[in-house]
Each structure stands twice: as structure tokens, then as C-alpha cells.
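Asks: These are the residues of each chain, in order.
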Amino acid sequence: SQQGEEDPQALSIQEGENATMNCSYKTSINNLQWYRQNSGRGLVHLILIRSNEREKHSGRLRVTLDTSKKSSSLLITASRAADTASYFCATDAGTGNQFYFGTGTSLTVIP
Amino acid sequence: NAGVTQTPKFQVLKTGQSMTLQCAQDMNHNSMYWYRQDPGMGLRLIYYSASEGTTDKGEVPNGYNVSRLNKREFSLRLESAAPSQTSVYFCASSGQYEKLFFGSGTQLSVL
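The listed protein sequences correspond, in order, to chains A and B.
Under this note's numbering, the first sequence has 102 at position 102, and the numbering climbs by one with no breaks.
For this note's numbering, add 1000 to where a residue sits in the second sequence, where the first one is 1.
Chain A extracted, bound-state conformation:
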């Protein structure tokens, strides 16, 4: 079974609103990563947070990590139509070199 599960599966918001998606995982990790995939394209790395970090920012992205709950959240602030994509979390299951993905959250930002 897959290591990570995102929720919600789908999210639709108005441009300018914030979008929050969550990821839960099953085993210990060294790091957790978030990726974006535009329709029909490959995956693009957004942000990596290590197991000893609790929060990380990159531009309009904010990621939190709670290792006690085995969960992470990705917040996109002031969303834009160009943020419309699927978002995936990935964890290394404590190995450092095997990465397992969740099923993703499909985000639609309405102009």
C-alpha cells in the first residue's frame, strides 16, 4: 500500500483564496516532499521538509510537519489560476532512497 494519503482528493477555490491540503503517512521518515503536476506533464518539486523541521516556507507555499501525528499540510496562499494542478506528497519511509507517493489532491483555482 502507498505510504502517503492526501486529502481532500479534490479542492475548488476562487482565485485569491488560500488552499490547504493534507498528507498522512504510515512509517517514520527522514523527509517529506511536496510535488505539483500539471495536467499531462511531469512532476515538479515544490518543497522538502526534514523530519526535524516543523515548518518551512517557500514563496506562497507553507508546509508543516507533525511527526507525532504522521501528517503534513501544504498551504498555498493567495492562489492563482496557474496553481491549478494536482499536488502530491512523497515520503522516504525512513530509507533516504525510496520515495512513495500519495494519491494526490486535485486543485482547481477559478479565475
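Quick caveat, the hints were computed from the structure, so don't treat them as lab data.
A virtual CB, placed ideally from N, CA and C, is assigned to each residue, including glycine.
Misleading hints may appear alongside valid ones.
[To be verified] Chain A regions said to be covered by chain B (calculated; three or more residues, Cβ under 8 Å):
#1 13 to 27
#2 31 to 43
#3 96 to 110
Mind docking chain B on chain A? Use the hints.
Replies: Coordinates of chain B only, in the frame set by chain A:
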């Protein structure tokens, strides 16, 4: 800097035919991966190679073989294709504990 290059981009096979997907990276990464992506399933790890000369099974290895030809190249072979292998295949590479870099994907249809 090309990153991760995988070929072909599209392929149609008949049931029982064989084919090899090629992947090469120029970032001097030790780890390389093959994933498949089906609608609603996210990415599932087929095989990975933590270093040159080693390969290991991921979540869904049945029906596939891999070869880590050298540090740069990691190929995925379907010996006898089945309709259940219709999917989009992604190759990726990474340093240990670091982010993944993805190829642009191969869309495979098995009729």
C-alpha cells in the same frame, strides 16, 4: 543541463510484445527510480536503484525487469506486455535524502 531524459514519449504495444524504456540522468545521482501513474492512483514505485550495480523491488514490480547499466542509465523492460500495464511511466533520480528529479514521462498503451 538536460536533467532526466526518458524515451520514448509514446508507445503502443500489442499484448505479449516486449519493450524497454530508457532513462538517463546527468546529475551524478546515485539513486534512480521507475514509477507508473494510473488515473486516481498517484505514482507507484516499480523498481529503484540506490546505487550503480544494485536494484530493488518497489510496490508493483511484477511484470517488469530493470537494469542499472551504469551510474547514468536505468532501463525498465516489459518482457510480455499486458493491458494492465497501460499507464504513464516516469523515471526519476535523486541524491540520498534529497528531492526527486523527474523525466517527462512515457505514455504506454497495451492493446
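Asks: Determine for every hint whether it applies to the structure shown.
Replies: Here is how each hint holds up against the structure:
Under a criterion of three residues with beta carbons nearer than 8 Å to beta carbons of chain B, the stated coverage of the segment 13 to 27 of chain A fails, only 0 such residues being counted. Under a criterion of three residues with beta carbons nearer than 8 Å to beta carbons of chain B, the stated coverage of the segment 31 to 43 of chain A is upheld, 6 such residues being counted. Given a C-beta distance limit of less than 8 Å, the hint that chain B covers the segment 96 to 110 of chain A holds, as 9 residues qualify and 3 suffice.
Checked against the numbered hints listed earlier, the structure breaks hint 1 alone; every other hint is satisfied.
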